[in-house]
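The sequence shown maps to residues 1 to 383 in full-length UniProt numbering.
Honestly, the hints are just simulated from the structure, not real lab data. Heads up, some of the hints might be wrong.
What the hints assert, rightly or not - Cβ-Cβ distance ranges computed for the label pairs, FRET-style:
hint	residue 1	residue 2	range
1	N337	V294	34 to 44 Å
2	Y333	G169	33 to 43 Å
3	N160	Y333	36 to 46 Å
Since this is a predicted model, take the numbers as computed values, not measurements. Each residue gets a CB set at the ideal place from its N, CA and C atoms; glycine is no exception.
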Amino acid sequence: MPTDEAYRGVDMVPSPQQWLLTQDLRGVASQPETYAHHKGIRAAIHRADDREKSRTSSPPFLSLPESRPNLQNFAMKLYSMDSKNCIGARMVSVLVLCMAAFASLASALRSDGPLRLDRRQAPNQMSITYPTAQTGSFNMTTFTIPIPLGDAYSLASPYNLILNHGLPGSVIPTGTFPLQIVVGYFYDIRQRVVLGLLPLQVQQLSVVEVYLPFIDVLGTGKPFRRSVSTYMDQLIPALVGGLSQLHNTQLAYFDPPHAAYKAAGGSTLSFQAGQGLVNSIDGPGLVSPVVQTVFERTTSSPISAAAFRAMLDQPYYTTAGSGCNTATLYYNYSNANPSFVRGEVQTYAPITSTNTDYQDAVGYTAATQWVSPSNLAACSSFA
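Construct the entire structure; sequences and hints are all you get.
Dropping the structure here:
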């Protein structure tokens with residue numbers, strides 16, 4: 001795999017062609033005329049072809065890796081077009097997924113050195129036990145923050161909220177409801193077969209996951225959670241998650257780019273994600289922040305470790321009636337090093353309805369082993 005420095009040079013300095021490909025194609029997709037719709041897609045493909053042709057005359061350090069961000073933005077724009085009915089866009093996305101896979105493979109062959117792991121990050125130790133599931137090593141930090149009760153009802157609809165969730169009023173005051181923010185870094189994600197086609201291994205993946213927990217999906221009082229939105233730094237996992245798990249997945253930039261967090265002075269750690277065009281050399285960039293946090297470890301918390309883990313273990317769904325799944329985290333490994341955390345969490349629309357600064361947010365962190373079934377199942381199977 002490329003080193004952190006190699007990825008940073010690719011992800012943070014977009015080419016002029018990448019700027020063109022990141023323009024919003026939704027305006028084309030929204031036209032009622034089928035001809036105009038396909039004409040817009042063909043134009044985008046021609047721009048991608050032109051970029052691929054010019055790539056052969058580019059300097060070596062820009063040739064192959066540069067194609068990955070372009071393909072990422074292009075495919076995700078196609079996939080986002082009329083997500084309810086646009087089967088053609090999904091088919092094109094799968095084709096671009098295959099193209100990106102070849103680019104990733106070739107990029108890996110050009111690796112300048114071994115991938116560096118956080119000292120808390122373990123290899124995937126679950127794949128041998130769960131060969132047909134999605135497995136990986138997940139160094140995660142989760143925060144539980146309050147949002148207006150009305151926003152929670154809107155996100156949970158058509159299901160009811162479980163208002164008696166048991167979380168302390170000091171964290172979730174009256175008139176609010178918990179929202180779960182999970183940030184972190186996956187290493188060595190494996191799945192034997194993806195979409196019934198090929199095996200998949202993702203060496204590293206940065207994510208932000210947003211869930212609304214304590215939803216009464218079955219009407220029995222058993223808590224489920226809704227996967228509200230997911231942000232990732234790579235195309236292939238984003239497409240696979242969208243096609244197989246129906247996640248609302250978007251691409252984002254991360255700082256640090258390939259780690260669970262970074263040192264921010266003293267015992268403080270930080271993590272942030274945003275969307276747009278980042279200028280890592282000089283001058284302004286075009287970036288909209290998604291979430292950012294500065295935190296440190298603590299020895300106590302108003303929410304117990306068992307409560308944090310129980311929320312993370314709740315079955316989840318993305319769209320009502322489309323099925324459910326689980327993501328099981330294992331903490332019983334020597335490097336897990338679980339701990340409470342406390343700090344500042346800033347969220348930006350659309351993660352929360354308004355930009356919000358939570359200056360005393362509480363959370364939980366651990367280097368876990370992660371297992372999730374490859375396919376959705378009936379929500380009733382998780383009763």
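Right, here's what the structure says about each hint:
1. Against the hinted window of 34 to 44 Å, the Cβ-Cβ separation of N337 and V294 comes to about 20 Å, which falls outside the hint.
2. Between Y333 and G169 the CB atoms are about 34 Å apart, so this pair conforms to the stated range of 33 to 43 Å.
3. For N160 and Y333, the Cβ-Cβ distance of about 37 Å falls inside the hinted range of 36 to 46 Å, so the restraint holds.
Consistency note: the structure conflicts with earlier hint 1 alone.
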